[in-house]
Structure formats: C-alpha cells, structure tokens
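Enquirer: Each protein sequence line maps, in turn, to chains X and E.
To convert, note that position 388 of the first sequence is 388 in this note's numbering; the numbers rise steadily by one, no gaps.
To convert, note that position 48 of the second sequence is 48 in this note's numbering; the numbers rise steadily by one, no gaps.
A few of these clues could be false.
Once the Cα atoms are required to be at most 27 Å apart in a straight line, the calculated DSSO-like pairs of lysine-lysine come out as [said to hold, decoys possible]:
(1) E:K290 to X:K335
(2) X:K347 to E:K61
(3) X:K364 to X:K394
(4) X:K126 to X:K25
(5) E:K61 to X:K126
(6) X:K49 to E:K290
Don't read these hints as lab results, they were simulated from the structure.
There are 2 protein chains.
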Amino acid sequence: MRQIENGGVCFPKGFTAAGVKAGIKVSGNSDLALLYSKEPAKCFAVFTKNQVQAAPVLYDKEVLSGNNIISAVVINSGNANACTGDQGYADAVSMAELTERELSLRRYSVLVGSTGVIGRKLPMEKITAAIPELVKNLSTENSELFAKSICTTDTIIKTGSVSVQTSMGEIRFGGSCKGSGMIHPDMATMLAYITTDLRLPEDFLAEFKDLVNESFNAITVDGDMSTNDTCILLANGQSAVFLNDLSISERADVRSALFDLMKHLALQIVIDGEGATKKVEIEVCGARNKTEAMQVAKSIATSNLVKCAFFGEDPNWGRIVSSAGASGVVFPADKLSLYFEDVPVVKGGVPVEAALDKLAEIVKRKEYKISLDLGLGPAMASVFTSDLSYDYVKINAEYTT
Amino acid sequence: MRQIENGGVCFPKGFTAAGVKAGIKVSGNSDLALLYSKEPAKCFAVFTKNQVQAAPVLYDKEVLSGNNIISAVVINSGNANACTGDQGYADAVSMAELTERELSLRRYSVLVGSTGVIGRKLPMEKITAAIPELVKNLSTENSELFAKSICTTDTIIKTGSVSVQTSMGEIRFGGSCKGSGMIHPDMATMLAYITTDLRLPEDFLAEFKDLVNESFNAITVDGDMSTNDTCILLANGQSAVFLNDLSISERADVRSALFDLMKHLALQIVIDGEGATKKVEIEVCGARNKTEAMQVAKSIATSNLVKCAFFGEDPNWGRIVSSAGASGVVFPADKLSLYFEDVPVVKGGVPVEAALDKLAEIVKRKEYKISLDLGLGPAMASVFTSDLSYDYVKINAEYTT
Numbered sequence: 001m002r003q004i005e006n007g008g009v010c011f012p013k014g015f016t017a018a019g020v021k022a023g024i025k026v027s028g029n030s031d032l033a034l035l036y037s038k039e040p041a042k043c044f045a046v047f048t049k050n051q052v053q054a055a056p057v058l059y060d061k062e063v064l065s066g067n068n069i070i071s072a073v074v075i076n077s078g079n080a081n082a083c084t085g086d087q088g089y090a091d092a093v094s095m096a097e098l099t100e101r102e103l104s105l106r107r108y109s110v111l112v113g114s115t116g117v118i119g120r121k122l123p124m125e126k127i128t129a130a131i132p133e134l135v136k137n138l139s140t141e142n143s144e145l146f147a148k149s150i151c152t153t154d155t156i157i158k159t160g161s162v163s164v165q166t167s168m169g170e171i172r173f174g175g176s177c178k179g180s181g182m183i184h185p186d187m188a189t190m191l192a193y194i195t196t197d198l199r200l201p202e203d204f205l206a207e208f209k210d211l212v213n214e215s216f217n218a219i220t221v222d223g224d225m226s227t228n229d230t231c232i233l234l235a236n237g238q239s240a241v242f243l244n245d246l247s248i249s250e251r252a253d254v255r256s257a258l259f260d261l262m263k264h265l266a267l268q269i270v271i272d273g274e275g276a277t278k279k280v281e282i283e284v285c286g287a288r289n290k291t292e293a294m295q296v297a298k299s300i301a302t303s304n305l306v307k308c309a310f311f312g313e314d315p316n317w318g319r320i321v322s323s324a325g326a327s328g329v330v331f332p333a334d335k336l337s338l339y340f341e342d343v344p345v346v347k348g349g350v351p352v353e354a355a356l357d358k359l360a361e362i363v364k365r366k367e368y369k370i371s372l373d374l375g376l377g378p379a380m381a382s383v384f385t386s387d388l389s390y391d392y393v394k395i396n397a398e399y400t401t
Numbered sequence: 001m002r003q004i005e006n007g008g009v010c011f012p013k014g015f016t017a018a019g020v021k022a023g024i025k026v027s028g029n030s031d032l033a034l035l036y037s038k039e040p041a042k043c044f045a046v047f048t049k050n051q052v053q054a055a056p057v058l059y060d061k062e063v064l065s066g067n068n069i070i071s072a073v074v075i076n077s078g079n080a081n082a083c084t085g086d087q088g089y090a091d092a093v094s095m096a097e098l099t100e101r102e103l104s105l106r107r108y109s110v111l112v113g114s115t116g117v118i119g120r121k122l123p124m125e126k127i128t129a130a131i132p133e134l135v136k137n138l139s140t141e142n143s144e145l146f147a148k149s150i151c152t153t154d155t156i157i158k159t160g161s162v163s164v165q166t167s168m169g170e171i172r173f174g175g176s177c178k179g180s181g182m183i184h185p186d187m188a189t190m191l192a193y194i195t196t197d198l199r200l201p202e203d204f205l206a207e208f209k210d211l212v213n214e215s216f217n218a219i220t221v222d223g224d225m226s227t228n229d230t231c232i233l234l235a236n237g238q239s240a241v242f243l244n245d246l247s248i249s250e251r252a253d254v255r256s257a258l259f260d261l262m263k264h265l266a267l268q269i270v271i272d273g274e275g276a277t278k279k280v281e282i283e284v285c286g287a288r289n290k291t292e293a294m295q296v297a298k299s300i301a302t303s304n305l306v307k308c309a310f311f312g313e314d315p316n317w318g319r320i321v322s323s324a325g326a327s328g329v330v331f332p333a334d335k336l337s338l339y340f341e342d343v344p345v346v347k348g349g350v351p352v353e354a355a356l357d358k359l360a361e362i363v364k365r366k367e368y369k370i371s372l373d374l375g376l377g378p379a380m381a382s383v384f385t386s387d388l389s390y391d392y393v394k395i396n397a398e399y400t401t
C-alpha cells in the first residue's frame, strides 16, 4: 500500500471546504460542514442498505436518480435526521435549497448528509442561520476543519490524500470520513467524502462500488449498519486528465491509488473504533468465490467471542474456526488451515503443535493478521476488525438518552 | 406458560441417570454424565448447523441415520472433542462402545455428548476408567447430579419437569440443559436432554424441530453457534400413553407442556448467560411470515449496541429500529411501531411523545418485553436475549489458553 498524505478533501484542484459551529452539538464543537467544487462534479455514491434510511440518504438518492452533476455537499453532525418522517425529509430539502441559494446554484446540485442522534428533529433555525457564514468560510485551507465538522464520537479526524503522475499530467485524490457503523449511543453513521480532479466516465459507479466493498465495507467495529452510511466521490475533471485516455497500466495505477486512499480512511475508522485496542486483519483464502470468502471473514470479524479474545490477547483459534463454521458458508472442516501471521495453528482441520511463545507474542501486537484457508478454491477476501473491550461496553452503556 | 417443576431427566417413568468425577475438568468437579432408559427409547435429535461439527455430533448423526432406538447417552464436560480429527471420532466411538458394553447393550444404542475446550484430545484413560463407576451410580435420584455433570461455566444447574393428566393416564416430561451458544473461552455448547414416558410416533421429529426453533433456537447470549450444540428427546413409552391415541385438544395440551418445559430450560440459559443482568424478550409482529419475523428479532437480539443499551438501562429505540433495518428483511420504515412493554415510542416510523418516566422504569426491570410491529402481515416471533455487560467482556477476555 502506497504512502497516503494528509491533504484531505481540498487537495485535488478546484475543491474548497468549510466548517462552522451552528450550535447543533451540545458540546459546542464545529457541526456544520460544506464541500464545494466550483466546476460541477460528476458524483458517484454508495448508501446504506439499511431498510430504515435517514432523510438525507433518501433525499440524495432522489437527487442522484435525476442527475449526477453535483456542486456541493452540506453535512451536519450531532443529529442524524433519521426516523423523523415527512418533517425530516422537508428539513433535508431545506438544507439543500438554502445552500443552493447561498451559492447561487441551480436546484438539485447540492447533496445533504447528517450524522448524530436518531429520532430528533433537526434544529433548522440554527442551520438556516449558519449557512451564509458556512458559505463565506469556503477555502482550500479547510480540509481539517471539514474533517472535524463531520465528526461525532470520533477521537481523531480522518483525512487522506494521494497524487498520481500520469502521462497526461498529475491527478489528485483527497478524502475524509467519520465514525464506524453505529459507534455511539444513538449515533449513526459512517460518512465518507472523496474528491478528485480526475475526469471519470459515467460508468465508473460499478468500479467505485467494488472499491467501497473492499474498503469501507470491509471493516467492522460492531457489526451494526447504520441508517445514514454514505460514501460519495466527486470528480470535477479539473486536472484535464480523463481516466479513459490513460494506458491500461496507468489506469491500474490510478485505481490502486484511489483504493489505497479509501482503505487508509477505512482503517482509521477501525483504529478509532469505540474502545478499540487492536486492529486485526481477518484474511480468508481458498474460498470458492469472493462472496463466500467475505461472508466467512465477516462472521469471524463480528464474533463477540473472537473480539473478546483479541482484547484478552488470547490466541483462541477454537472460536475463530467455530465462527467460520457458523457463517452459513458450506465447507468441509477437514480442509481448514489457520495461521496467526505466519504461525500455523490448524492444518487439515486438526490442531498442529504451535510455537506458543511465538503466538503469545503475535496476539500482544497492536496490529496483526489472521489467515484462514478453506482449501476449496482460489478466492480470498480480507476484513479489518477491532477488539471488544471494557471501554466498548462503557461507551455504549453509560450514555443515557 | 404453565408452572414447571424441578424434576429433571429422571422424572418420567423408566429413566435413571448418573454423574461422576472422571478428572477431565481441572476444577475436579463432576464431569461425566449418563442418562439411561431400561426400555429402549425413540430418539429425536436436533444438532448444530455449524460447518465445523464436533466428533460426538458426527457420531450421533451417524448412529441415528441407522436407527433411532436409543438406550443411553453418555456425556463428558470439560472437553468438546471438537477439531480433533480422526482420533476424536475414534474416541467418541470408544465412549459409546464402552458404555454399551458396561450396560450390556447392543451396538449403536448409546449416543455421546461432549462440551468444553475445543481442539484438545479427550483423556480417554480417565473416561475409560470412570465408565464402570458411572454405570453403577445409575439411579432415579440423580437428576440434579446429571444436570451438574454436564455443566461447564454455568453458574446454576438447569432442570425442569412437567406432567400432564390425559384420558389415557398421566404422562411426564423431564429435562436438563447447559450453557448457551458459545459462552466461554474455547467452551462450546448448548446441550439439552429431554425425557418422556409418552409414546411418540416416528414422524414427531418435524414437530420437535419446530419446538426447538421456538425455544432453544429462540435465545441468544452472544450470537455464536457452537460446534457441539445438541438437543435430544428420548421417549420410552413407559406411560403406556400413545400421543396419536389422544384427542386433538389433549394432544395440544401435551405439546404445549413439552414446549413450556423446553422454553423454561432455554430461558434458564439466558438468565445464566455470561455476565447477564437482564432478560429481554424481543417480539416482532406484523411480519409477512414467521421466517422474516424471526430474522428481524434475531438481528435486534444480537446487536451489541442494543445489548449495551439494555445493560445501561437506556430506552434507546434508535438502535432497535436501526438493527431491524439492517436485518436483511425488506420493509417500509414508515409502517414501524415500537413498544417497550405497553408504552409506544415509535408509530408509523416516527417517534411519539413517550412517557419518559414510564420508559425509565421499564428498562430498570430485570425482565421486560420490547415489541416491534412491522405493519406488513400476520406473522410474529419472539427471541429472548441478555444484555452485554462488562462481565461478558471480562469472562471472555481474561481467560487465556
């Protein structure tokens, strides 16, 4: 994986951002964010599959079903605008319209995002009052302020940037994200915003979905999918480089740069997972196909017993094998092999004499990899997970509505 | 639900049981158990669907594929005999054969059960040495000793019994179970043994599976399905009452008595769940069909965020609605209604003004019910779950292999 810098959403040409304190958060922290591209950008978006979708998700999907040329995204933190009925939808529309008016943009050129408490009405007076100031604040210097303004319980801001030198010129990617699944009492959401000055073809959405599946959808902190999860890519073409004009190897390079940035952002979410003390990669290989590999990896990565063992620094392979068996994927137990890093613990379904001191050293690390080989085929998948600690329970139990 | 007494597996006519200290458990507690019916019994069994199945599960399935007339079950605790390869299977066969020999029974008339650490060889010398004494100990007085001998991390023994007066005479049910999902480091298993002196028809298995689905399969402590889960019903016909000779209303009465016993046993597992301080019923109604109702209920019942909120005594309905939405079942969010006991918190997908003092009182109870109405159809299902506490993490993290 290549080196990712901390440039953020304003790193690519033509993007500015802003953040202000609108007074939505009780803490008084910055809670209203704006991302803007002077040149309208092509938008690619992936939303939560939760049946209960927040108003901003419903609104964005509605806008994007009509056109995918977007100039800005306005995001509030501190309130998810979820389970808020018709009023909530009307409020999401208002947020977009107010921003469009303030930026002198056409209707349906601004998307909306929200993250925070579920089931409470948005304080629209506060948001309405803050939008003019928000627009005034737009600057190429505000990547970090933007990153901060979309945070809820995050303890670190999450930004990243990368550039690629192509035969047609330099292209840049920047991004920012917050949260992880549902990571706080009533707090909903993984939000991710990626920007690029590369020109992308209309059909890039399928490829973007693949990248999301292997980055933001390949991490788990608590297995809960929120009502607000959103990942948006804005491509404004300001680099004058068009993806389809590049050579095959250059395209692969560009794709992998974008993927590395997305993975970098996703891994920051795991590291910042509630109460997390470990980041563990669960790699499942030897599967019949990628779907099954992912299903087994996710079953292991979301098992409370497995995650408690990570926290307890216990090389408890029985739980890992059992979670794999409970995943719903059919496989013969006698073909399983399991490794902690390069140390084998199970081969052909039975335990091998493991180097216990080596194992004990591995599980004490802050980051390590577990590999499960199903012995059935060529497919593999990786999921990154955190451990389940006292602090996870504390954070999620002690907050009272 | 009718009153369940504490009679245990020896309550029905013709059953005896035993338990001894074979030295498998490090603690030195009783760890080898035997259940015996002098008159061979018809056996109905449901096993784990985990792809990784312990040797005793594989052996029992093999035996029952040949014949379902069983005289005894021999069970050890302290070692799951799982992930033990060919040697493990041979050990399960030996346990059965040794017991058959000692009881002068024909081959394939004894089933085997194991629960405990995964991936360790059974100490067969200890088991072999203990079986003669185990058989000598058989007595109608040993229901509690049997219950104790199958325990691992359980803090209470789990027994139950019920009798039904029919027009053809009295019939009895007894039972015992242990553990819950995978409830301890490396510890595998929910084991349940039900006895009855009722004569049952060959085709009772389908009905028994339904009862298991709504009792033992309708509880969750940590969502993990173990390699050893087993539920066995032995019907020896010693009451001389044949189910098919009873009237329709009597049959319904008998069926509900058996169900109440199984539910009683299952609920004791939830109450004894690791670190549990709450028992919460998640009832999902208004579903299109039972499968979907169960899927939504299980999604809520296994959500860490929901379970942390139970522990924190927080009436956090946003998490419940979000977990339902993430279950994979398709439903419109604007038809949802949610109740804590009889207090509505959501109607038509939007929050209602809830009586907060009433809600606060309900979530402080040790037992309460949450009802989610999908508003789509006539089907419903219930799942019983516990909360996620500091002690759960403690128990599952601090043990080191």
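Enquirer: All hints are to be evaluated individually against the structure, with a verdict given for each.
Expert: Hint-by-hint comparison with the structure:
Under the criterion of a C-alpha separation no larger than 27 Å, the hint pairing K290 of chain E with K335 of chain X is inconsistent with the structure, at around 36 Å. A threshold of 27 Å between alpha carbons decides the hint, and for K347 of chain X with K61 of chain E the separation of about 25 Å falls inside it, so the pair holds. For a cut-off of 27 Å, the pair hint linking K364 of chain X to K394 of chain X stands: about 23 Å separates their Cα positions. Among the hinted pairs, K126 of chain X with K25 of chain X is consistent with the structure: their alpha-carbon atoms are about 11 Å apart, no more than 27 Å.
Among the hinted pairs, K61 of chain E with K126 of chain X is inconsistent with the structure: their alpha-carbon atoms are about 66 Å apart, more than 27 Å. About 22 Å separates the Cα atoms of K49 of chain X and K290 of chain E, which keeps this hinted pair within 27 Å; it holds.
Hint check: violations occur at hints 1 and 5; the rest are consistent with the structure.
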